[in-house]
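A.B. asks: Each chain, letter by letter, is given below.
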Amino acid sequence: MASQEVLREEPSRASLINDPKVRSIFYQCLVVALLVSGVWWIVHNTIVNLTNLHIASGFAFLRGRAGFDISDTAIAYTSDSTYGRAIIVGLINTLIVAFVGIITATIIGFIVGIGRLSKNWLIQKICTVYVEVFRNIPPLLVIFFWYSGVLAVLPAPRDSINLPFGSFLNQRGFYFPRAVWGDGSWLIPVGLLVGIAMAWFVARKAHQRQMATGQQFPVFWTSLALIIGLPLLAYVLSGFPVTFDFPKQSTFNLTGGFVVKPEFLSLYLALSFYTAAFIAEIVRAGIRGVAKGQSEASSALGLRAGQALRLVVVPQAMRIVIPPLASQYLNLTKNSSLAIAIGYPDLTATTGTVLNQTGQAVECVVIMMVIYLAISLLTSLFMNWFNAKMALVER
Amino acid sequence: MPFVNGRRRVGYDAGFRVWAGMGAAFTREKIRVCLKNREKGLWVMKHIAISILGAATLGLMASAASATTLDTVKAKGFIQCGVSTGLAGFSAPDDKGDWQGIDADFCRAVAAAVFGDGTKVKFTPLSAKERFTALQSGEVDILSRNTTWTINRDTALGLNFVGTTYYDGQGFMINAKKLPGVNSALQLSGAAVCVQSGTTTELNLADYFKANKMEYNPVVFEKLEEVNAAYDAGRCDVYTTDQSGLYGIRLTLGAPADHVVLPEIISKEPLGPAVRQGDDQWYHIVKWTYFALLDAEELGITKANVDEMKNSASPEIKRVLGQEADTKIGTDLGVSNDWVVNIVKAVGNYGEMFDRNVGSGSPLKIARGINALWTKGGLQYAPPIR
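Those sequence lines, one after another, are chains A and B.
According to the working numbering, the residues represented by the first sequence are 1 to 395, in order.
According to the working numbering, the residues represented by the second sequence are 1 to 386, in order.
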């Protein structure tokens with residue numbers, strides 16, 4: 001047949017130009033060469049232009065004395081520290097707000113997401129209103145709402161609102177007593193660790209017993225007792241070594257104690273509430289994505305509604321939920337750069353100050369981009385690992 | 001008939017070529033010719049790659065060359081002037097949206113020198129953080145934005161400050177109603193201090209509290225309006241910036257009478273306009289505009305009498321106003337010979353500019369103090385125009 005004849009002749013027309021393999025290698029090489037020369041051109045052009053404009057460049061400025069103070073510092077920092085350290089202080093602040101924000105947003109998001117599927121009319125409507133309000137307002141406005149609308153209208157330090165346990169709330173922040181760890185207080189964290197380890201052990205044993213005999217054991221209450229009870233016991237045994245430093249009124253502000261500043265609070269609350277609305281929708285979609293037959297089968301097996309949700313539906317929903325959840329975590333981390341609007345010293349704000357004090361615009365922007373990229377890649381790496389762990393393993 | 005010719009049946013690809021009218025180009029003979037010319041084909045590819053790289057290099061060279069600032073400014077017909085986002089007395093828009101203040105007027109003076117018309121200015125409001133990048137990148141031609149002259153800005157940032165249009169110093173403002181006992185900055189230990197980020201103010205503040213072994217909580221914002229709002233709302237006890245700025249900001253607060261500026265001045269803040277390095281002609285035009293404003297005040301040339309002064313008996317006044325025969329002072333600078341006349345007609349002399357914007361003729365009522373001419377015990381001194 002004619003077609004076979006042509007096919008047999010294929011090897012003889014081995015022109016390199018028409019060989020798909022050679023072609024694809026050529027085009028890939030061409031794209032790489034264009035990309036590399038493009039990047040080289042941008043970098044070279046920048047260096048030449050900076051030199052022409054007599055602007056100093058390079059990263060040596062990071063070792064210079066910063067000279068400015070930062071309001072929230074998790075690590076030791078004074079105005080004598082270096083610019084590099086100032087950027088690290090900002091990075092840690094970003095990580096703190098992103099970390100606590102992610103945890104809070106996940107908790108609120110799961111509660112609201114499950115609440116939207118509740119059979120209780122009021123709970124369902126409240127959760128719907130929450131999602132529709134926070135999902136449809138830009139995050140910057142939510143931040144301003146908390147900062148100017150809620151925290152700024154609190155009373156001045158002199159008329160602080162007194163809260164239980166020696167805590168105070170005023171427009172300068174939320175003040176509460178700070179624990180001062182005395183001699184022998186090392187026993188308390190040890191007690192906590194032992195408690196956690198024992199709780200884990202009990203949970204494992206209880207699971208094994210249930211698998212073998214079908215008998216259940218009150219794991220939750222036992223674990224709670226161990227985790228709270230053991231540190232408490234350690235506290236009593238070591239002779240009450242922890243004292244508290246209570247906030248006191250002074251000329252200007254309350255001094256002493258531990259203070260959570262309104263800048264942090266409003267950023268944290270705004271990011272948590274904003275992202276939680278998206279997480280709620282993801283959770284709802286995940287649960288709706290589990291076939292109805294699964295919950296019907298669970299109730300046919302005699303599981304209660306809560307048990308069916310916890311043991312059958314949510315584990316399956318997690319497989320749908322995790323990938324979009326990772327995107328929301330990345331969004332929250334990146335949205336934390338809006339902190340600059342209310343003066344929380346995050347990575348963008350401190351690096352921006354360094355940029356302005358040194359004038360090293362290109363370098364500072366590159367540092368910021370590399371750091372945000374690294375945080376985001378690490379987060380998605382972790383979420384990919386978690387996703388792989390939770391994925392359906394077929395036997 | 002589509003299936004008579006077997007070649008059409010080899011697959012989708014061949015069929016597509018026939019459909020696209022390209023069948024003739026891919027006959028077996030042509031393919032064999034191509035096989036022979038394989039090396040030639042590779043040469044073509046190499047050639048393409050080289051020419052792309054060459055184009056990139058050319059583009060680089062083209063972007064490196066640029067015209068002088070004066071030529072660019074003349075070509076576009078106006079001066080782009082970087083000002084603050086709103087600081088009363090220095091640069092702030094009035095109720096009609098026109099920019100008013102010493103810094104805004106200085107740009108008008110340069111426009112008058114270059115174009116003979118003080119209105120040929122466009123203003124770009126810049127935050128403290130944006131200002132240097134805006135000047136470095138060529139977005140603005142002059143940065144006239146209550147900016148402190150420091151060695152770092154003159155060297156590492158690639159700027160040239162032309163002079164000091166306002167000698168200032170950093171001060172503190174507090175709400176006297178809320179803090180009745182405080183009358184010195186040395187009593188401020190433990191206070192929350194509002195300050196704008198990325199300023200010399202921020203650095204002086206850290207130095208001052210450290211030197212006096214005092215503690216403070218910095219409350220730092222990027223934009224001036226945000227600092228003002230935070231101070232007005234009571235987020236901080238103290239507002240610190242240049243003293244002139246404090247007087248200006250006090251007027252915008254809810255209850256100006258409640259606030260007092262403390263007597264201490266903790267720094268030198270010579271505020272002045274800056275230009276990019278590497279363009280001496282433009283630098284000289286801006287610098288001598290500043291000197292011309294001072295010399296005009298020293299010689300008594302005002303907005304009102306400048307036309308009469310042209311016929312003055314004094315050879316010095318005639319020389320400054322470009323009335324000397326065959327004078328080349330203006331053209332040597334790159335502007336017209338009546339440049340000083342144009343400047344004074346547009347904004348008046350330095351003293352008039354000061355009084356109108358921050359002095360006795362303004363709501364700020366700041367005394368001339370060290371900003372008086374050297375002949376009156378101040379620091380303002382200009383080299384002669386000759």
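No wet-lab data here; the hints were simulated from the structure.
Fair warning: there could be bad hints in the mix.
[Claimed, not checked] Calculated pairs, BS3-like style, for lysine-lysine (alpha carbon to alpha carbon, straight line, at most 30 Å):
1. LYS248/A <-> LYS318/B
2. LYS122/B <-> LYS248/A
3. LYS248/A <-> LYS210/B
4. LYS334/A <-> LYS177/B
5. LYS248/A <-> LYS177/B
A.B. asks: Decide if the proposed pair is consistent with the structure: LYS248/A and LYS318/B, CA atoms, cutoff 30 Å inclusive.
C.D. replies: violated, 71 Å
A.B. asks: Hint check: LYS248/A vs LYS177/B, CA-CA at most 30 Å. Holds or violated?
C.D. replies: holds, 22 Å
A.B. asks: Does LYS248/A lie within 30 Å of LYS122/B when you go C-alpha to C-alpha?
C.D. replies: Roughly 53 Å between the alpha carbons, so the hint for LYS122/B and LYS248/A is violated.
A.B. asks: Does the alpha-carbon distance linking LYS334/A and LYS177/B stay inside the 30 Å limit?
C.D. replies: This hinted pair is violated, its Cα atoms lying about 42 Å apart.
A.B. asks: Check whether the Cα positions of LYS248/A and LYS210/B lie no farther apart than 30 Å.
C.D. replies: Holds. LYS248/A to LYS210/B sits at ~24 Å (cutoff 30 Å).
Checked against the numbered hints listed earlier, the structure breaks hints 1, 2, 4; every other hint is satisfied.
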